[in-house]
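J.: Let the sequences and hints guide you as you build the complete structure.
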Amino acid sequence: MDKKMNRELTEITAQWKALERKTDEQRQYADEFYDQNLMGLIERDFIERNEDRLSEKAEYLVVSVGTSYEPIVLNIRLLKPRRILFLHTAETEGTLEKIVAYCGLVPEEYEKRRVSNTDSLDIYREIRRCYISWGRPRKMFIDFTGGTKAMSASAAMAGVVIDVQLVYVGTEEYLPDFRKPNPGSETFHLIDNPLAVFGDFEIEKAMALFERHNYAGAKEKFGELKEKVPDPSISRQMNLFCLLNGVYESWDALEFEEAYKRIKELNDELRGDREKNVESVLADCGGILEKQEEILGQLSKIPGMLQRKRQAEVIKSESMIYALMFTLYQSARIRERQEKYDMATLLFYRLLEMIEQRRLAHYDLDAARMDYDHIKYDTQYYSPYKKKDAGEQLEHFRRRVREIKQGLFRRGANDYLPDQVSLLEGFIVLAALGDPIVHGGGNRGVEKLRTIRTKVYLRNNSIFAHGLGPVGYEDYKNFRDFVLELFKSVCRIEQTDYQTCVDDIKWISPSDLRR
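Numbering (my numbering), first residue to last: 161 to 675.
Keep in mind the hints are simulated off the structure, nothing from the lab. Just so we're clear, the structure is a prediction, and the values are computed from it rather than from any experiment. Any given hint might turn out to be false.
Think about it this way: if two alpha-carbon atoms lie no more than 30 Å apart in a straight line, the pair counts; the simulated DSBU-like pairs of lysine-lysine are [to be verified]:
id	residue 1	residue 2
1	LYS546	LYS451
2	LYS608	LYS421
3	LYS608	LYS548
4	LYS451	LYS476
5	LYS451	LYS436
T.: Structural data, given as structure tokens:
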């Protein structure tokens with residue numbers, strides 16, 4: 161404010177304060193003096209002090225009207241909105257008329273709605289109606305300076321919900337005898353969305369969803385936060401969390417192509433941060449995410465191969481089948497932590513089937529189309545197949561199948577070889593071939609098959625298979641431990657580092673992050 165205007169405001173303020181206010185007539189004269197001589201100076205001073213604080217003018221303005229017209233006029237003059245919604249009560253309609261007259265507003269520039277001064281929903285409905293009819297504008301402000309406390313609070317809450325700018329005019333020099341601020345002390349306030357202050361609470365809610373493996377819910381929450389949190393650095397972290405949860409959401413749903421696309425996007429963002437030396441909340445997880453991109457790269461090939469009916473190639477591919485088996489392992493452990501033991505049991509059962517399919521593939525056998533005439537016998541595992549021609553090998557194989565069935569079922573055993581094998585039948589075939597995952601010499605192979613048959617009953621009795629009841633934790637744990645023992649055995653046989661694979665596929669959780 162220039163010195164001349166400052167001096168003028170000070171002088172006229174002194175004249176106004178010196179006026180008598182003992183009678184109604186004197187009070188009316190003092191108010192008219194204020195309107196005619198002070199208000200213009202206050203307005204100019206207010207705009208000069210605050211116009212540089214606005215990065216953009218308001219296109220739309222919602223105002224709760226109280227008994228004082230001055231602060232509302234100041235904001236209208238400062239913000240210069242294209243359209244205004246006035247929320248008033250029966251008692252404040254006179255104030256509204258004064259505002260319209262002072263600002264020279266024409267009907268096309270504003271609309272007014274009479275609302276209850278106590279019903280917060282009434283005020284919220286009107287704001288929401290206007291917000292929608294105005295096309296959900298981004299440059300919308302809500303001025304909650306005037307009106308009752310209930311009106312101001314309701315208007316402010318509506319602004320938070322629809323995420324628009326909140327403003328009000330205050331003062332630290334209120335003159336109770338004059339019932340006005342000290343002229344020139346009027347202060348313009350831009351109120352940040354409470355997410356700027358309470359964003360940590362919302363972030364913790366999103367993190368809780370993340371921790372519970374609710375990846376879809378966490379992704380949605382982080383997506384909202386990245387748009388609402390005003391701090392650019394925090395918004396960027398929210399975007400990274402949104403991408404990460406999107407990866408795991410798709411991976412957990414076995415949507416491998418989408419998961420691969422998302423993890424490539426995430427890792428591109430992290431690589432860009434490293435090149436720019438930008439600190440990232442996922443900085444310590446770069447190595448594991450790069451490895452998981454490799455894993456998803458293998459998994460993303462599977463849908464196309466299945467479409468081309470090349471399932472057998474997937475099972476024979478070490479990189480693809482192990483990526484798939486450890487994905488089932490990871491998904492099962494997540495269901496376990498969620499106490500969804502039936503679903504975890506099904507996933508471990510499917511892992512058990514894949515273990516069988518993988519070992520059958522070692523002998524060029526496909527569980528869905530068994531070709532016994534072209535078995536690739538491995539005499540390293542079982543020497544009796546040595547120095548025999550194809551016919552003798554098949555005959556010995558049939559005899560072994562019959563002997564194993566006799567030991568397993570005790571009666572009704574035969575050497576019938578089905579075109580498609582069930583889980584138990586597949587393991588019987590592996591035992592007959594001498595595969596080390598089942599074969600143990602003497603009667604130990606049969607004992608392992610009996611254990612497999614017992615464990616299969618757990619899955620069959622689950623409500624997700626043929627049963628009616630849920631799987632209890634102890635039954636689940638016994639089944640899980642049995643499958644994991646076989647899984648580790650396969651890894652040893654095929655010289656795959658089980659623990660390294662477990663570590664590589666372990667999905668990141670909030671506890672792994674630098675907060």
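J.: Any hints this thing doesn't respect? Which numbers, in order?
T.: Violated hints (numbers, rising): 1, 2; every other hint is consistent with the structure.
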